[in-house]
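Student: Chain order of the listed sequences is A and B. Those letters in the first sequence? Residues 1 to 308, per the numbering used here, in order. Those letters in the second sequence? Residues 1001 to 1308, per the numbering used here, in order.
Since the hints were made in silico from the structure, they are not lab data. Honestly, I wouldn't trust all of these hints.
What the hints assert, rightly or not - Under 7 angstroms between C-beta atoms, here's a sample of chain B residues computed to sit facing chain A:
id, residue
1, Pro1095
2, Thr1102
3, Gln1121
4, Arg1129
5, Trp1259
6, Thr1267
Each residue gets a CB set at the ideal place from its N, CA and C atoms; glycine is no exception.
2 protein chains.
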Amino acid sequence: MADRHLIAVEPATRPAMHDVMVAAVEQAGGTVVPIEQASALMFADPMAAGEFRTILAAGAGVEWIQLPYAGIETFAHNLDADHIWTCGKGVYAAPVAEWILTAILTSFRAIPRYVRSTSWQSQEGRDLRGAKLTILGAGGITDAFMELIAPFHCDVTVVRRSSTPYPGASRTMSTDNLHQAIAAADAVVVALALTEATTGIIDSAALAAMRPDAFLVNVGRGGHVVTDDLVTALGSGVIGGAVLDVTDPEPLPDGHPLWELDNCVITPHVGNTAEMGLPLIADRVRDNVTRWIAGDDLLGPVDVDLGY
Amino acid sequence: MADRHLIAVEPATRPAMHDVMVAAVEQAGGTVVPIEQASALMFADPMAAGEFRTILAAGAGVEWIQLPYAGIETFAHNLDADHIWTCGKGVYAAPVAEWILTAILTSFRAIPRYVRSTSWQSQEGRDLRGAKLTILGAGGITDAFMELIAPFHCDVTVVRRSSTPYPGASRTMSTDNLHQAIAAADAVVVALALTEATTGIIDSAALAAMRPDAFLVNVGRGGHVVTDDLVTALGSGVIGGAVLDVTDPEPLPDGHPLWELDNCVITPHVGNTAEMGLPLIADRVRDNVTRWIAGDDLLGPVDVDLGY
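Next up, chain A with everything else stripped away, as it sits in the complex (with noise of 0.2 angstroms):
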């Protein structure tokens, strides 16, 4: 068994993740070795998972992996149990819970139609205080976003897999109950890990549950929404309007009939910036090697089998 100092960070394709990584080992006490020596692997570039098997190959003392986001989907196929996997869960959540909260009060205000206007235009608006919100997932994202959203008293359901009450949600509903939970919500967010059950949640027949006049925010993955679904449920009216900050495919393609929709905004993953995220993964790295070194419990820890 390597010691428990030794971390590797890899690969080096990412410098200012990479950078980040080492300082936040070192200031936990560990030492950074080359991966042969190493007891843990910090994953340093999101998106060079396809390097990953190789660079892991080469670390027979590796205990512990730390994978770089909260979603963890270009890396599943490679989780096994000979492994402790701990990814970026819960760690970006206070960026993209203020996303959410700005996707959802655009949406009320009816800031996309003002943003178009270049004439004074007629009173449109909805309050976010009391409104009735049905959030998809329950995890860190949704903590932090019941946080924000405290102040405004709003009726809030949450759907996840189990029906067990999430503290400080108005009810809690197992996703079997999916169209039933969303049917009176002014707003619906998606804040799911992509998983099998969870892919293309969001269809035609989803869509069609929910209120003419409800805004459907996805800040989970593209693929939890059908997009052809989508564009059509937008353009038809069966749904009031809709906010992603992920898209199935993405990047959007420019010609895309998403673009084209005047109730729909897009925003480019932006949930948390890669500004925004460094220093919040840099502050889970050190919190996770401090916690490795003295044996104690590891923060995001991945559920093999669930996949995320």
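Once you have looked at the hints, place chain B on chain A.
Tutor: Using the frame of chain A, we list chain B on its own:
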């Protein structure tokens, strides 16, 4: 002295407001009577300030006047020491505070740029968490806004007439030190009453004192900002952008240079919309008529000397 149960609701030129005010008076135990018999006047059309003097002249027994809006500048020349004056001060604070938060998040998250885009954009965005905000005004809107942003742990400077510490602000400064108070802010919010002292408070010198990446948010009155100075500042990068719910002139005429600026968003005085506002002013009328009949202090008193 007229019986305090006898209340006039006039004019009837804005039926929706007249109706909710009549209902509110009756709910409070009052009786709606012609102004000749009334002890108080609920003024029921904010657009009919020109009729005010004529209507009041017929009300020899009127001791108290309830004005419909928070801002009373169109009525200000009628203020006198012979009557008790109250207004909608604080009533509309909750939706207006939501609008301010919308304006700031919209700006920080570059929503106008993304709304206009028809292709995948580069990442841009700033966190509200921990941001530096300067708020001009320490009234009901500021109170409501401070409640909404509590979860964001911002560094808040409140600017008011005196420098009496504003509860919950990181610091409170007087308008004498305006330029110093706005120098470090990510966003400057104008939430003042319009008086002689605050007219044109945001001029070229104030704009020059702001950071070049700062946003100006005006939810007070258009006259707080020198429009030509703002056009120049926005066009030449003196500040980062502006979101205006009020303008001078208002409504902003077609072809005005503000419409052409990509870093300026104009919303048509919808901090609270008529729809949001009616139940709120109805609540205030009901509360105040109840207090009037009981001989208690009224809510939203106007200071005749200060003019708001």
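Student: What are the numbers of the hints that this structure violates, sorted from low to high?
Tutor: none
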